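Quick mapping for you: the protein sequence lines, in order, are chains V and A. Following our numbering, the numbering of the first sequence begins with 13 at its first residue and continues without gaps. Following our numbering, the numbering of the second sequence begins with 3 at its first residue and continues without gaps.
Keep in mind that the hints were calculated from the coordinates and are not lab data. Here the structure is a predicted model, which means the values were calculated and not measured. Check each hint, because a few of them may be wrong.
As the list claims (entries may be wrong) - Here are the computed distance ranges between Cβ atoms for each label pair:
(1) V:294 with A:56: 54 to 60 Å
(2) V:369 with A:23: 37 to 43 Å
(3) A:54 with V:97: 26 to 32 Å
Glycine included, each C-beta is placed from N, C-alpha and C at the ideal position.
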Amino acid sequence: MYTFKELRRAAKTPAPGKARALAILGNCSTQFLAVAVRGLAALENLPLAVLDAGYDQIEAQVLEDGSELYAFAPDSVLLYLATERLYEDFLELTPESRRDFADSVLVRLEMYWDAIGRHTSAAILQCTFTELADRALGNFSCRVDSTFTYQLRRLNFRLQERMAARAGVYPVDLLAVQAELGRERFFDPALYYSAKMAVRLDALPYAAKAVVDVEAALSGRIKKCVVLDLDNTLWGGVVGDDGPENIEIGHLGRGHVFTNFQRWLKELKECGVLLAVCSKNDEAAAKRPFESNPEMVLRLEDFAVFVANWEDKAANIRLIQRTLNIGMDSMVFVDDNPFERELVRSMIPEIRVPELPEDPALYLDFLQKQNYFETAAYTGSGADRTKLYQAEQAREKLKSSYATLDEYLESLEMVGSARPFEPSGYSRVAQLTQRSNQFNLRTVRYTEADIRRLAEDPDCLTLSYELRDRFGDHGLVGVIVGRKTDADTLFIDTWLMSCRVLKRGMEEFIIAVLMDRAKRAGIRWVVGEYIPTPKNGMVRDIYKSMGFEELGENRFRADTERFRPGKFHIKESEEA
Amino acid sequence: MSREEIMAKINEIARDVFDNDTVTLTDKTTAADVDEWDSLTHLLFTNEIEDAFGVTFTLAEVTKSENVGQLVDALMRHLGA
Numbered sequence: 013m014y015t016f017k018e019l020r021r022a023a024k025t026p027a028p029g030k031a032r033a034l035a036i037l038g039n040c041s042t043q044f045l046a047v048a049v050r051g052l053a054a055l056e057n058l059p060l061a062v063l064d065a066g067y068d069q070i071e072a073q074v075l076e077d078g079s080e081l082y083a084f085a086p087d088s089v090l091l092y093l094a095t096e097r098l099y100e101d102f103l104e105l106t107p108e109s110r111r112d113f114a115d116s117v118l119v120r121l122e123m124y125w126d127a128i129g130r131h132t133s134a135a136i137l138q139c140t141f142t143e144l145a146d147r148a149l150g151n152f153s154c155r156v157d158s159t160f161t162y163q164l165r166r167l168n169f170r171l172q173e174r175m176a177a178r179a180g181v182y183p184v185d186l187l188a189v190q191a192e193l194g195r196e197r198f199f200d201p202a203l204y205y206s207a208k209m210a211v212r213l214d215a216l217p218y219a220a221k222a223v224v225d226v227e228a229a230l231s232g233r234i235k236k237c238v239v240l241d242l243d244n245t246l247w248g249g250v251v252g253d254d255g256p257e258n259i260e261i262g263h264l265g266r267g268h269v270f271t272n273f274q275r276w277l278k279e280l281k282e283c284g285v286l287l288a289v290c291s292k293n294d295e296a297a298a299k300r301p302f303e304s305n306p307e308m309v310l311r312l313e314d315f316a317v318f319v320a321n322w323e324d325k326a327a328n329i330r331l332i333q334r335t336l337n338i339g340m341d342s343m344v345f346v347d348d349n350p351f352e353r354e355l356v357r358s359m360i361p362e363i364r365v366p367e368l369p370e371d372p373a374l375y376l377d378f379l380q381k382q383n384y385f386e387t388a389a390y391t392g393s394g395a396d397r398t399k400l401y402q403a404e405q406a407r408e409k410l411k412s413s414y415a416t417l418d419e420y421l422e423s424l425e426m427v428g429s430a431r432p433f434e435p436s437g438y439s440r441v442a443q444l445t446q447r448s449n450q451f452n453l454r455t456v457r458y459t460e461a462d463i464r465r466l467a468e469d470p471d472c473l474t475l476s477y478e479l480r481d482r483f484g485d486h487g488l489v490g491v492i493v494g495r496k497t498d499a500d501t502l503f504i505d506t507w508l509m510s511c512r513v514l515k516r517g518m519e520e521f522i523i524a525v526l527m528d529r530a531k532r533a534g535i536r537w538v539v540g541e542y543i544p545t546p547k548n549g550m551v552r553d554i555y556k557s558m559g560f561e562e563l564g565e566n567r568f569r570a571d572t573e574r575f576r577p578g579k580f581h582i583k584e585s586e587e588a
Numbered sequence: 003m004s005r006e007e008i009m010a011k012i013n014e015i016a017r018d019v020f021d022n023d024t025v026t027l028t029d030k031t032t033a034a035d036v037d038e039w040d041s042l043t044h045l046l047f048t049n050e051i052e053d054a055f056g057v058t059f060t061l062a063e064v065t066k067s068e069n070v071g072q073l074v075d076a077l078m079r080h081l082g083a
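With the rest of the complex left out, here is chain V (with noise of 0.2 Å):
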């Protein structure tokens, strides 16, 4: 981790490009928190303006309608409220007073929520609460529910629930970097009491680190895939050698480790990131233990993709990562060789590659630490993820039988559906706001309650568009969002596609509905735009190739009097 003092002079000169505006409040001193998240977003090539609203100014900044808050446009409004501060404001109250303490400090909270949500749209990051046991009553407060120890556990608990209630309310879990540090690390008394700082200097980074994951996810910036190494990485020894019985997991010795490991592997696959797997051996050979030694955890059909052969592993990432069709940055490589893993930081610099422990003992921890896999959203159904891959993958040894394009396309038997966003699905289209890099016209971040604000208003026309096939339903691929700017024509603020489904008739499928249903609400024009990106360069000509004339640079129009759609071989579902 690096220093308070690098991050302090990393602030001085910020990532370039089109910053996310943060504005820090504090029920304490924030200067240089403020100073460490500038620092440690500029070392993460983070674009990211941040305000720090100054030493308590919570409710006069989100009350007041010209507040410096507002006046900033922030994307995100961080909540940090001390402990330390709400412990002195717990001992102000009368005992009997003291049991409400947590329902009190929500309710606060959420009175801090609502005001923001009234003035802008901006995520609201808010921080948990860190431990602090003042032992009034020693161990026994824990049960006692007029004590601080009960009322801060049940506030972090109460507040948990109310996050899930709410979009658009993001944790940063300065908790968590409490337990990680230990309180001595991450508290100073003397600091405290001399700067209203309630976090050491030298923790943080850790904690800018905590708000600067939770930026980036909400950047897109999204890790969703993990390719592993087999030998001595996901077991101990190598099968090739030992045979698939002998390898070291289950729980004797060293191979509790790396059950464990695999048990962890598991609940990210569940959570939504893909596996997959990339080792020098023959394939065969790898692919025994998953078969036969029933102390794996893993299985085979919990990897997106499976690689072993003898080539480099940076080519076999590299197929990986064509199959998976997902940015090179969303990977990450683990592997217990320090000579691979150097030669794929070589060859492939956007990956990421942690410099492993040598004891595997160590790994999971470690790992666990980094906080590869922040997210903006979940939606539970992430785990399908890995078959719609293994799904893709059927469709191409099918593709192949096939002598044209056109026949393929047919055999699939795809209906798609296109609905305007619906409550259920706001979660779903966020993601995929945050999530789509590639097939992204404008890359517009949206959070959950954009979306709720773009559905219904009333001079928005939103599409939320699923597909599904022979192989299997491939569930929410496409989006659309659409704004009128006059009573004739309809601007395309965001258009953008899951790359899963490319060249399948799709975009072709996606602006005959839209042309559709923008006639019949009267309009005669539609206008889209293209905004480059270093990623985005897939669709710099989709709108021509989709009959809209050019009206200047990157700006484009069809007239839905006009217009005719492309060839597809989709069927629009009768339900929608």
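Position chain A relative to chain V; hints supplied.
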């Protein structure tokens, strides 16, 4: 470590923390004499001194030292010099 050596090291830290190569601290220097020396850079300054010398100042030493000389006195007490 002599007082002169400590003073030299503290000057080095000060130039870094205050980001100003022309800063020269003497026993009589106060925060008012250095533009970049405010309440927060003061904390950074004392924190860097603590790290460099492996000591921990008391709250009173951090907040009540009136000039650099008093801070160096406190530091030397911690160092047992």
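| message | Are any of the numbered hints broken by this structure? If so, which, sorted upward? | response | As far as the earlier hints go, not one is violated by this structure.
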